[in-house]
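**Student:** Each chain is listed here by its residues.
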Amino acid sequence: MTSITRRTVLTGGAVLATVGVEPLAATPGAAPSTRDTVPVDCLVNGKPRHLTLDVRVTVLDALRDHLHLTGTKKGCDQGQCGACTVHIDGVRVLSCLTLAVAAQGKHIETIEGLAGADGKLHPMQQAFIDQDGFQCGYCTPGQIMSAVACVREGHANTDADIQEYMSGNLCRCAAYPKILAAIKQARDQMSAT
Amino acid sequence: MRPFAFERAGDPARASRLGLGTGQGQTDAAVQFLAGGTTLIDLMKLDVLRPRRVVDIGLLRPRYDAIQVGPNGLHLGALATMSKAADHPLVAQEFPAIAQSLQLAASAQLRNMATLGGNVLQRTRCPYFRDPSWTACNKRNPGSGCAAIRGFNRNHAVLGIDDSCIAQYPGDLATALIALDAQVELHGPQGARHIPFSSLHVPANGLPHIENTLRSGEIITAFHVPSGDWNRRSLYLKIRDRSSYEFAVAAAAVALDLEGDKVRHVRIGLGGVAYRPWRSIDAEQALIGKTLTETAAEAAATAALKGATTHGHNDYKPELARRTLVRALLQAQALPLGAQA
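Those protein sequence lines, which keep their order, are chains A and B. Just so it is clear: in the first sequence, position 176 is 176 by the numbering used here, and no numbers are missing. Just so it is clear: in the second sequence, position 148 is 148 by the numbering used here, and no numbers are missing.
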């Protein structure tokens with residue numbers, strides 16, 4: 001991060017907050033206490049990451065506040081809206097209901113990891129732009145992560161299937177018809193590659 | 001969320017040992033097992049569940065996630081995800097009510113996370129249970145009363161309730177499992193045992209904070225659904241306020257073994273209307289040996305809802321549940337089944 005952007009300013013506080021946190025459970029074999037921090041090692045978008053976290057931290061908060069990957073959005077934080085959808089070991093899940101410690105050793109893929117190394121957008125990202133699949137955009141990262149999985153699962157063959165298997169991603173702007181169109185566009189491109 | 005100690009159990013013995021202190025549904029139980037987390041983490045964030053220790057049993061998944069269909073019936077490993085069971089082609093073919101109850105539950109993401117064992121133990125969606133700012137909730141705060149009885153109770157139970165609690169059991173899979181007479185396999189500090197699914201959840205009995213018959217440190221390892229000629233002609237009909245990703249306002253799991261139009265065997269479970277997973281033996285008895293007509297189905301449905309008690313906003317439920325059961329029975333009768341295996 002070489003230039004100052006809205007995002008670097010907004011996340012700057014979190015950088016300072018993570019400095020100097022050390023695990024408290026240094027005694028081997030001792031029962032964990034409720035104030036322990038725990039080490040968590042996982043792959044995030046292909047990159048090995050080591051974190052030391054309060055056990056209460058969810059994957060969502062670890063991504064946003066500790067790794068500064070703010071593409072994954074916090075909507076309801078209760079597993080009801082789908083804005084926080086990420087892939088863990090290739091499966092779409094809700095990061096707000098997943099403890100980071102329970103993701104130990106797993107591969108987490110977020111919206112930031114979807115584009116190619118050369119910056120070329122994933123067909124689903126491009127399709128959301130082409131089809132105007134959003135208004136405010138807040139649910140969009142979750143919609144796109146869910147949609148990519150929906151196609152890979154083979155649950156995007158019909159409009160009815162897409163509507164059913166995307167029902168865990170709410171869009172309060174009600175861009176649903178455009179989201180459906182985007183998924184159909186990307187589905188055909190994803191299967192062609 | 002309150003602080004807690006986090007432990008991982010890599011084998012069943014360790015799970016049992018670390019799990020000593022799990023309750024029978026009490027919200028203040030000292031220990032909670034973590035599998036998919038979709039109920040536990042949610043209710044810990046809301047400060048409804050307040051464990052001092054959380055024991056992650058995710059490492060036990062390879063041991064307890066098999067799904068098998070054989071001559072004795074269906075084996076569902078309790079740590080299999082809902083999506084794994086919902087997408088299993090043999091489950092859909094041989095036990096359609098089970099597969100449909102899972103396909104129509106929650107969302108794709110939640111089904112990818114939640115395990116079958118955790119799903120049947122999910123907690124009521126009663127808003128007074130989920131919000132600790134309400135003092136009166138006998139399920140959360142024993143002896144404090146029930147805010148729902150005179151409160152907003154549109155989706156509260158009408159069967160199996162008492163003056164202490166009118167919370168509705170919200171699950172779908174459990175309705176299919178109880179209808180199909182499933183067994184529950186358990187592992188705990190005293191080893192393995194199994195119980196009928198119908199004795200897993202307990203009636204309110206004035207003590208609704210006690211929800212199940214699990215022993216301290218015990219986990220569900222599997223469900224077994226016995227074979228039977230009724231399983232293939234089964235379905236799960238779910239009625240809800242929106243067409244997807246919503247809890248039932250009424251639901252029925254039915255299974256039929258017909259000789260022509262005459263009922264040889266029938267299994268009936270009701271969802272969205274009862275305090276706990278609900279099988280209606282009365283409705284089954286009303287149908288056995290009869291020709292399945294709309295009139296016979298209506299008589300069975302009337303028997304199923306006998307004794308229903310409503311509290312104002314949910315006055316609509318008994319009639320909706322009756323019509324749901326009638327439709328489910330007639331739809332099951334009309335299922336075009338291929339050559340029986």
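Keep in mind that the hints are not guaranteed to be accurate.
[Claimed, not checked] In silico lysine to any residue, SDA-like type, Cα no more than 25 Å apart, as pairs:
no., chain 1, residue 1, chain 2, residue 2
1, B, 45, A, 152
2, B, 290, B, 312
3, A, 178, B, 290
4, A, 74, B, 130
5, A, 74, B, 50
6, B, 45, A, 70
7, B, 84, A, 155
8, B, 84, A, 51
9, B, 45, A, 31
10, A, 74, B, 290
11, B, 45, A, 178
12, B, 84, A, 105
13, A, 106, B, 87
14, B, 84, A, 31
15, B, 45, A, 170
16, B, 84, A, 91
Since the hints were made in silico from the structure, they are not lab data.
**Student:** Now look at each hint and say whether the structure bears it out.
**Tutor:** Verification of the supplied hints:
1. Among the hinted pairs, residue 45 of chain B with residue 152 of chain A is inconsistent with the structure: their alpha-carbon atoms are about 32 Å apart, more than 25 Å.
2. For the hint linking residue 290 of chain B to residue 312 of chain B, the alpha-carbon distance of about 35 Å lies beyond 25 Å, and the restraint is violated.
3. This hinted pair does not check out: residue 178 of chain A and residue 290 of chain B have alpha carbons roughly 51 Å apart, beyond 25 Å.
4. Distance check on the hinted pair: residue 74 of chain A and residue 130 of chain B sit about 20 Å apart at the alpha-carbon level, within 25 Å; holds.
5. This hinted pair checks out: residue 74 of chain A and residue 50 of chain B have alpha carbons roughly 23 Å apart, not beyond 25 Å.
6. Between the alpha carbons of residue 45 of chain B and residue 70 of chain A the distance comes to roughly 21 Å, so the proposed pair stays at or under 25 Å and holds.
7. Taking the CA atoms of residue 84 of chain B and residue 155 of chain A, the gap is near 14 Å; set against the 25 Å cutoff, the hint holds.
8. With a CA separation close to 31 Å, the supplied pair residue 84 of chain B and residue 51 of chain A exceeds the 25 Å bound.
9. Taking the CA atoms of residue 45 of chain B and residue 31 of chain A, the gap is about 24 Å. The hint holds against a cut of 25 Å.
10. Taking the CA atoms of residue 74 of chain A and residue 290 of chain B, the gap is near 55 Å; set against the 25 Å cutoff, the hint is violated.
11. For the suggested pair residue 45 of chain B and residue 178 of chain A, the alpha carbons sit about 34 Å apart, so the restraint of at most 25 Å is broken.
12. Between the alpha carbons of residue 84 of chain B and residue 105 of chain A the distance comes to roughly 22 Å, so the proposed pair stays at or under 25 Å and holds.
13. A threshold of 25 Å between alpha carbons decides the hint, and for residue 106 of chain A with residue 87 of chain B the separation of about 23 Å falls inside it, so the pair holds.
14. Restraint check: the Cα-Cα separation between residue 84 of chain B and residue 31 of chain A comes to about 35 Å, which exceeds 25 Å; the hinted pair is violated.
15. Note on residue 45 of chain B and residue 170 of chain A: the hinted pairing holds, with a Cα-Cα distance of about 21 Å set against a maximum of 25 Å.
16. Taken as a hint, the residue 84 of chain B and residue 91 of chain A pair is honoured in the structure, with Cα atoms around 12 Å apart against an allowance of 25 Å.
Figure legend: structure checked against the earlier numbered hints; hints not met, in rising order: 1, 2, 3, 8, 10, 11 and 14.
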